[in-house]
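Engineer: Numbering (this note's numbering), first residue to last: 3 to 293.
None of these hints come from the bench; they were simulated from the model.
Please read these numbers as outputs of a predicted model, since none were measured by experiment.
In this text, a Cβ means the ideal position worked out from N, Cα and C, and glycines have one as well.
A few of these clues could be false.
Label pairs and their calculated CB-CB ranges [what the hints assert, rightly or not]: (1) Thr109 - Pro73: 31 to 37 Å; (2) Leu151 - Ile45: 25 to 31 Å; (3) Pro21 - Ser42: 34 to 40 Å; (4) Leu57 - Ile190: 19 to 25 Å; (5) Ala218 - Ser104: 17 to 23 Å; (6) Ile61 - Ile190: 20 to 26 Å; (7) Ala37 - Thr229: 32 to 38 Å; (8) Ile45 - Val248: 25 to 31 Å; (9) Leu57 - His186: 31 to 37 Å.
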Amino acid sequence: MAQTLLVVLLVIASSLALPDLARLRNFSWLHALVARWMASTSIPVLVLPIAIFVLCLWIHWALMLAFFGLPAFAFAVIVLFYAWGPRDLDADVDAVLKAPDSDRRYTAAQALRPDPATAALAVESAPLVEAVFLSALSRWFGVLFWFVLLGPAGALTYRIVHWLARHPTFAADIDTAPRATLEHSASILDWAPAHLIALTLALVSQFDSVISTWRAYHTAHGRGYFTLDLGFLGALARAGVDADIVAGDGYAPDVSQPMAELAGARRVLRRILVVWLVVIALLALSGFTHG
3 MAQTLLVVLL VIASSLALPD LARLRNFSWL HALVARWMAS TSIPVLVLPI AIFVLCLWIH
63 WALMLAFFGL PAFAFAVIVL FYAWGPRDLD ADVDAVLKAP DSDRRYTAAQ ALRPDPATAA
123 LAVESAPLVE AVFLSALSRW FGVLFWFVLL GPAGALTYRI VHWLARHPTF AADIDTAPRA
183 TLEHSASILD WAPAHLIALT LALVSQFDSV ISTWRAYHTA HGRGYFTLDL GFLGALARAG
243 VDADIVAGDG YAPDVSQPMA ELAGARRVLR RILVVWLVVI ALLALSGFTH G
């Protein structure tokens, strides 16, 4: 787990220090692979991420046997960096906050959408907060959760499933039924990290506000906590960020200001990320490891 923590810190640090490297996260090869897969076999496309998971797992295991595991460490850094993002969330938030006029702010805000196929994102408090939290789930926390749990194979498989399910590139290539299955799979992979984000949000923001909103959401929708409805995360994000802004810390108390809300959302997300890193560090100190 100590190596896992070091890999994560290296990837986060390199993403912050060298944002231009984000261009290396190119998944054009996946489009060609899917086209060839569907043209040459009748095997469901959902098997493709499973095959990539097994291959990545085998490569990582084989590299661990050479040169004291140093190649495996380098492989883990490369894979996690590749699966992270793929866009830089901080840069996308900055582009909105620093936009010189409303038209360019609206254009910049579209990069915050967690699913590029969804409707245009309004530059308003609630949509912006929900979007940045859901984007953080797919860009940061989902990748981090599956990396800690299953290593590089988990992180890469998470990214590929999300890419196949939600990127418009594959809309014309994959039939409706397989895409629905991939979307269902993406929701399954998001379930655990989304709930961990919610629990951490309660700890780093206003606990009572977040927990009461969580209960109210499930009561209003008549669904339990173990469904794949992740809409609760947007509701909790709004409640947590609003409460955090009202609490002060030198930020504007007006929760109707979209830019104040967006800046507050990023501030809260950074706290959540720090808590996750602290937990990973504590697990490392306790000797807990995934292998």
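Engineer: Falls inside 32 to 38 Å, the C-beta gap from Ala37 to Thr229?
Structural biologist: Between Ala37 and Thr229, where Cβ atoms are some 34 Å apart, the hint holds.
Engineer: So the hint says 25 to 31 Å: do the beta-carbon atoms of Leu151 and Ile45 match that?
Structural biologist: Since the Cβ atoms of Leu151 and Ile45 sit about 26 Å apart, the hinted range of 25 to 31 Å holds.
Engineer: Has the hinted range 17 to 23 Å been met by the Cβ atoms of Ala218 and Ser104?
Structural biologist: Given range 17 to 23 Å: violated, Cβ gap about 33 Å.
Engineer: Evaluate the given range 25 to 31 Å for the C-beta pair formed by Ile45 and Val248.
Structural biologist: Violated, at about 53 Å.
Engineer: Take the C-beta atom of Thr109 and the C-beta atom of Pro73, compute their distance, and say whether it sits inside 31 to 37 Å.
Structural biologist: violated (43 Å)
Engineer: Does the Cβ-Cβ separation between Leu57 and Ile190 fall within 19 to 25 Å?
Structural biologist: At roughly 21 Å between Cβ atoms, Ile190 and Leu57 fall inside 19 to 25 Å, so the hint holds.
Engineer: Note whether the CB distance of Pro21 and Ser42 lies within 34 to 40 Å or breaks it.
Structural biologist: holds (38 Å)
Engineer: Regarding Leu57 and His186, is the given constraint of 31 to 37 Å on their beta-carbon distance met?
Structural biologist: violated (23 Å)
Engineer: Does the Cβ pair Ile61, Ile190 satisfy 20 to 26 Å?
Structural biologist: Cβ of Ile61 to Cβ of Ile190: about 25 Å, so the range 20 to 26 Å holds.
In summary, the numbered hints that this structure violates are 1, 5, 8 and 9.
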